[in-house]
Amino acid sequence: MKIKVLGSGASEGFPAIFCNCDSCIKARKAGGKNIRTRSQFYVDEDMMIDFGDDTYYHSLNENISLSKLKYLLITHSHIDHYNPTIFRYRGGYYATELYESVLKVYSTPTVKEIYENMDRGKPMDEVKSKIEFNVPAEFVPFSIGDYTIHALQAIHMKNEKCYMYLVEKDGKRVLFGNDSGYYPDETFEYLKGMHLDLVFLDCTFGLHSYGINSSHMGIPENLKVKERFYENGTADDSTVFVTHHFTHTCGSTHEELCEETEKHGLLVSHDGMLFEL
1 MKIKVLGSGA SEGFPAIFCN CDSCIKARKA GGKNIRTRSQ FYVDEDMMID FGDDTYYHSL
61 NENISLSKLK YLLITHSHID HYNPTIFRYR GGYYATELYE SVLKVYSTPT VKEIYENMDR
121 GKPMDEVKSK IEFNVPAEFV PFSIGDYTIH ALQAIHMKNE KCYMYLVEKD GKRVLFGNDS
181 GYYPDETFEY LKGMHLDLVF LDCTFGLHSY GINSSHMGIP ENLKVKERFY ENGTADDSTV
241 FVTHHFTHTC GSTHEELCEE TEKHGLLVSH DGMLFEL
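Sequential numbering of the sequence shown, starting at 1, is according to full-length UniProt numbering.
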């Protein structure tokens, strides 16, 4: 599998869109890996995880033809992860000569409900005829193409079910573990003994801890997840752990985050980061 990190930031981006705090000023000045667009992943040129505000920019920046997408996994309805208005442009005179006629979407119930409540009429009638929405059950693996997908329970929103996704292909397993606080026991138990090759961990708060009952994590909680994965046989020294989804309020540059994570065997994601398994 080839996994490209298209965006590595939280909902406001980093630097944040209207912010002039010290962290954002520093990030703008430093540029490079300190510029973080909203979280999104691209897998083997036919799958994306999440579909938020920066999708169009990511497609231009990485030379991606979105009409070639076959599969889309959506974690929850926050707009940095799911902007359904983008679908409006997948039909009619907005989109001709699609490579893939039908886009298969897998999501939470709320995400599907929002889509179904979008306006009808041109071009949405045509668009909806070419998008297949599915709501997978938690902890029940399903197959799409060459992939096996597991929708896992996340801790993120009180009024909405949220998913993380485990993606398997060619004997390799990748956990896209955001957005979530410290994982629920049900998720840890499900993953017990299931060796992971690559793990992306929600690290919204960077060096800081907001406790295991929060809707996001920092490095202290990431280390607790890593420790429990080791105890459960879910990970070992061959597993690559990557911190991901940073907010500007974490207050750290990319280099400062790397300085801390290197002590604990973690990597720091950045826009454009590529993994090949």
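No lab work stands behind these hints, which were simulated from the structure alone.
Quick caveat: nothing in here was measured; it's all calculated off a predicted structure.
Where a beta carbon is used, it is the ideal one built from N, C-alpha and C, also for glycine.
Keep in mind that a hint or two might mislead.
Using 25 Å as the maximum straight-line C-alpha spacing, the simulated DSS-like pairs for lysine-lysine come out as follows [claimed, not checked]:
#1 K172 / K226
#2 K122 / K172
#3 K104 / K122
#4 K68 / K161
#5 K70 / K158
#6 K161 / K192
#7 K172 / K130
#8 K226 / K263
#9 K158 / K68
#10 K29 / K70
#11 K224 / K161
#12 K33 / K104
#13 K68 / K29
#14 K224 / K158
#15 K26 / K2
DEER-style ranges, computed between Cβ atoms [as the list claims (entries may be wrong)]:
#16 F18 / S215: 41 to 51 Å
#17 I79 / I25: 38 to 48 Å
#18 E126 / E189: 28 to 38 Å
#19 G265 / I86: 15 to 25 Å
#20 I212 / D146: 14 to 24 Å
#21 S215 / E276: 43 to 53 Å
#22 E227 / P123: 29 to 39 Å
#23 A137 / S215: 19 to 29 Å
Outcome of the hint check:
1. K172 / K226: With a Cα-Cα distance of about 18 Å, the restraint between K172 and K226 holds, given a limit of 25 Å.
2. K122 / K172: violated (42 Å)
3. K104 / K122: Holds, at about 21 Å.
4. K68 / K161: The given pair, whose Cα atoms are some 29 Å apart, is violated under the 25 Å limit.
5. K70 / K158: violated (31 Å)
6. K161 / K192: holds (22 Å)
7. K172 / K130: violated (30 Å)
8. K226 / K263: Holds - the C-alpha atoms of K263 and K226 are around 14 Å apart, at most 25 Å.
9. K158 / K68: violated (35 Å)
10. K29 / K70: The given pair, whose Cα atoms are some 38 Å apart, is violated under the 25 Å limit.
11. K224 / K161: holds (23 Å)
12. K33 / K104: violated (32 Å)
13. K68 / K29: violated (36 Å)
14. K224 / K158: holds (22 Å)
15. K26 / K2: violated (31 Å)
16. F18 / S215: 41 to 51 Å: violated (23 Å)
17. I79 / I25: 38 to 48 Å: Roughly 25 Å apart at Cβ, these two residues miss the hinted range, so it is violated.
18. E126 / E189: 28 to 38 Å: 44 Å Cβ-Cβ, so the 28 to 38 Å window is violated.
19. G265 / I86: 15 to 25 Å: violated (37 Å)
20. I212 / D146: 14 to 24 Å: violated (36 Å)
21. S215 / E276: 43 to 53 Å: The hint (43 to 53 Å, Cβ to Cβ) is violated, given that S215 and E276 are roughly 32 Å apart.
22. E227 / P123: 29 to 39 Å: violated (50 Å)
23. A137 / S215: 19 to 29 Å: holds (23 Å)
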